Amino acid sequence: MKFTQQLPKGVADLFSQDYQLKQQVIEDLKQLNRQYGFRQIQTPTFEYYDLFINLPGTMDTDQMIKMVDHDGKILVLRPDATIPITRMVASSYNDDHPESKLSYVTNIFRMENGESDVFSRSFMQVGVEHFGKACVEVDVEMIALAIESFKKVGLDRFQLDIGQATYFKALIGEAGLSTEDQLIVQEKIEQKNLPELKQLLEEFQLDEEIKNVLLQLPHLFGTSEAVLNQADELAINSKMKEAVQYLRDVYSLVDQLGYGAFISIDLGLINHLNYYTGVVFQGFIYDFGKPVIQGGRYDDLPPYFGMQQDAIGFGVYVDDLIAALKARGLLQNQTSPTILVYAAEWAEGFKVARELRRLGFEVEITKEVPSSNNAFVIDLNTKTIQTPQSNEKKTYTNMEDLTQKVGVIYGSN
Amino acid sequence: MEVIKIALAKGRLAEKSVDLFESIGVVFSQFHEESRKLIFKSDHQQFEMILVKATDVATYVENGAADIGVAGKDTLLESEADVYEVIDLGFGKCRFAVAGKEDTDLNGMIKPRIASKYPKVTTDYFEQKGKQIETIKLNGSVELAPLVGLSDAIVDIVETGGTLKENGLVVLEDMVQSSARLICNKASFKTKGESIQPFIENVQDMIKQSEGEKANA
Chain A
1 MKFTQQLPKG
11 VADLFSQDYQ
21 LKQQVIEDLK
31 QLNRQYGFRQ
41 IQTPTFEYYD
51 LFINLPGTMD
61 TDQMIKMVDH
71 DGKILVLRPD
81 ATIPITRMVA
91 SSYNDDHPES
101 KLSYVTNIFR
111 MENGESDVFS
121 RSFMQVGVEH
131 FGKACVEVDV
141 EMIALAIESF
151 KKVGLDRFQL
161 DIGQATYFKA
171 LIGEAGLSTE
181 DQLIVQEKIE
191 QKNLPELKQL
201 LEEFQLDEEI
211 KNVLLQLPHL
221 FGTSEAVLNQ
231 ADELAINSKM
241 KEAVQYLRDV
251 YSLVDQLGYG
261 AFISIDLGLI
271 NHLNYYTGVV
281 FQGFIYDFGK
291 PVIQGGRYDD
301 LPPYFGMQQD
311 AIGFGVYVDD
321 LIAALKARGL
331 LQNQTSPTIL
341 VYAAEWAEGF
351 KVARELRRLG
361 FEVEITKEVP
371 SSNNAFVIDL
381 NTKTIQTPQS
391 NEKKTYTNME
401 DLTQKVGVIY
411 GSN
Chain B
1 MEVIKIALAK
11 GRLAEKSVDL
21 FESIGVVFSQ
31 FHEESRKLIF
41 KSDHQQFEMI
51 LVKATDVATY
61 VENGAADIGV
71 AGKDTLLESE
81 ADVYEVIDLG
91 FGKCRFAVAG
101 KEDTDLNGMI
111 KPRIASKYPK
121 VTTDYFEQKG
131 KQIETIKLNG
141 SVELAPLVGL
151 SDAIVDIVET
161 GGTLKENGLV
171 VLEDMVQSSA
181 RLICNKASFK
191 TKGESIQPFI
201 ENVQDMIKQS
211 EGEKANA
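Same order as they appear, the protein sequences are chains A and B. The numbers in full-length UniProt numbering rise by one with no breaks, and the one at position 348 of the first sequence is 348. The numbers in full-length UniProt numbering rise by one with no breaks, and the one at position 190 of the second sequence is 190.
Fair warning: there could be bad hints in the mix.
Cross-link-like lysine to aspartate or glutamate pairs, in silico, EDC-like; alpha carbons within 16 Å at most [to be verified]: (1) K383/A to E345/A; (2) K9/A to E112/A; (3) K131/B to D105/B; (4) K290/A to D82/B; (5) K5/B to D287/A; (6) K165/B to D103/B; (7) K93/B to E196/A.
Computed from the model, here is a short list of chain B residues facing chain A with C-beta under 8 Å [unchecked claim]: (8) E62; (9) N63; (10) G64; (11) Y84; (12) E85; (13) V86; (14) D88; (15) N185; (16) A187; (17) K190; (18) T191.
No lab work stands behind these hints, which were simulated from the structure alone. Everything numeric in this text was worked out from a predicted model, so none of it was measured. Positions of the beta carbon are idealized from the N, C-alpha and C atoms, including for glycine.
Full structure from sequences and hints, please.
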């Protein structure tokens, strides 16, 4: 194929059937977000690079897709949904109305190597952010909405894994390690890589007490409150105890709402994006290899924009969700048959088609004799309607009669 | 019952792994009988083993095409796969090393050329040392590169050092140790936990037990 006709790695075309499926999924999620009181907003496709690099430890700047502006400033294609939205909220922040519940449907761009995934560099995220309120109920509603999102698209086997970033942060804060070393420890914990974590902690010569708890972190997961009890016993300071208690409150409320079966707890889940501060969660679909939902509390991010506000949110990776739904045969095109208007005079055909289109039908006009008897055909010459999958033809008298009959047939299909 | 897929690297690692799994009661009798097949069911049908290229194990597991895998740390370092790396199995031990001709002085060179099958490991290592290098990616017979002047040195895994010696090369710098690791897809670990976690625990116990025996012997 000619170079000019090839696509860069990590991006893909969507043909109409796939596009329609995607729109259905997005519409389902959007509707749910609206029902939960989130209002959709939009931030620009590209912003200044400086917005993202000035936030310590949040994003890999190498992964951002950059451009140079007229004046030499560097721009990046939106590499994350949450940071721009936080900037936006801060820019119009008003102390009288601190709370805002926002949703988005947006493309995210990252310079990943893109060899094995057609959507790795440009993918769609649908998500919600709740600013200005931090309490168990807000966190639980977020988790509930994440679960309902999976249910809405027809899934029944999935797991929402809940962690507590504060637990780890309150622990590692006492270790006296540099930020860089903390991140290495965090990485090993998130990989549940006990052998290397052990080795690393030996090298750092950490306090025995801290070391022992860190070594337990990869094991602190499960589907019952036993994990929380264990975490509570291991806590070495009041902040860690509070963090466990908070998670316990969240867990029991989620359970009370009947979502217990979908929940697992993992204190080793901290999340790669460093701006998460409290409850964090990931959504997994059974037999699908990567998390499809990522979210959590990020109270440390708004202060970077001069806004002392709490915040929590999550995003659904729509392209991955669609791939998982397709693999399960849960996605079907809800197409309605196109009506063919067969007329010797095109203009006459158009007038009838225009009326039907005005009423919401999908209509095509043809001057050729329709060959397939599988079509929905209105023959203006013989004033008949032929329905799909039958040879029966109905006659009609005038436009009013036609639209009424078409409506009845369309409805029964 | 759900089937758990295990990806193994063709060759010695697979044989060692199958022996290990057998010791915890997951038996693949077919594996010994036939040699060309790439997919095997365990005798109790609960596990399915797939044989892939060593460097591909992490890819299969990361994408969820396999739930569990056994991969060398060397390949994990190179691929940077986002997986749980739960157990150091202790076998398949080797180390990364910088090797070259005996009188090679890498520090004296401004920008030495380093040939390797592991360009990522190579670049990361020298970056950490603050040494500028030029990485040359090769797919095999890396030892040849310094001999024919393609590179100044190589980065490769060394088990006994025999191959290096035969080609007149020596280890210049020792890098990290590598051994076989049991890895697990993050989603599978959570969504199929009831089947996977007991399996991992059994393997863990068996490794501890055999390490204990070694220590006592």
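How about N185/B: closest beta carbon in chain A under 8 Å, or not? Since the shortest Cβ distance to chain A is 5 Å, the answer is holds.
Against chain A, with CB atoms and a cut of 8 Å, does the hint on E62/B hold up? Where the cut-off is 8 Å and the nearest Cβ of chain A is about 7 Å from E62/B, the hint holds.
Assess, step by step, whether the Cα of K5/B is no farther than 16 Å from the Cα of D287/A, and give holds or violated. Measuring from Cα to Cα gives roughly 11 Å; hence the hint holds.
With 8 Å as the cut and Cβ atoms as the points, is Y84/B at the interface with chain A? holds, 4 Å
For the restraint on K190/B, tell me whether the closest CB of chain A is nearer than 8 Å. With a minimum Cβ separation of about 5 Å from chain A (threshold 8 Å), the hint on K190/B holds.
Mind checking the CB of N63/B against every CB in chain A and telling me if the closest is under 8 Å? Given a least distance of 5 Å, the restraint on N63/B holds.
Given hint D82/B paired with K290/A - CA-CA distance at most 16 Å: Distance ~9 Å between K290/A and D82/B Cα, so the pair holds.
Just to be careful: measuring from the Cβ of G64/B to every Cβ in chain A, is the smallest value less than 8 Å? holds, 2 Å
Restraint status (C-alpha distance of K131/B to D105/B at most 16 Å): holds, 13 Å
Was the hint right that T191/B lines chain A, CB cutoff 8 Å? Hint holds; T191/B Cβ to chain A Cβ min 4 Å, cut 8 Å.
Is it true that the CA of K9/A sits at most 16 Å from the CA of E112/A? holds, 9 Å
Given the hint that K93/B pairs with E196/A, test it: the Cα-Cα distance must not exceed 16 Å. holds, 15 Å
The structure agrees with every numbered hint stated previously.
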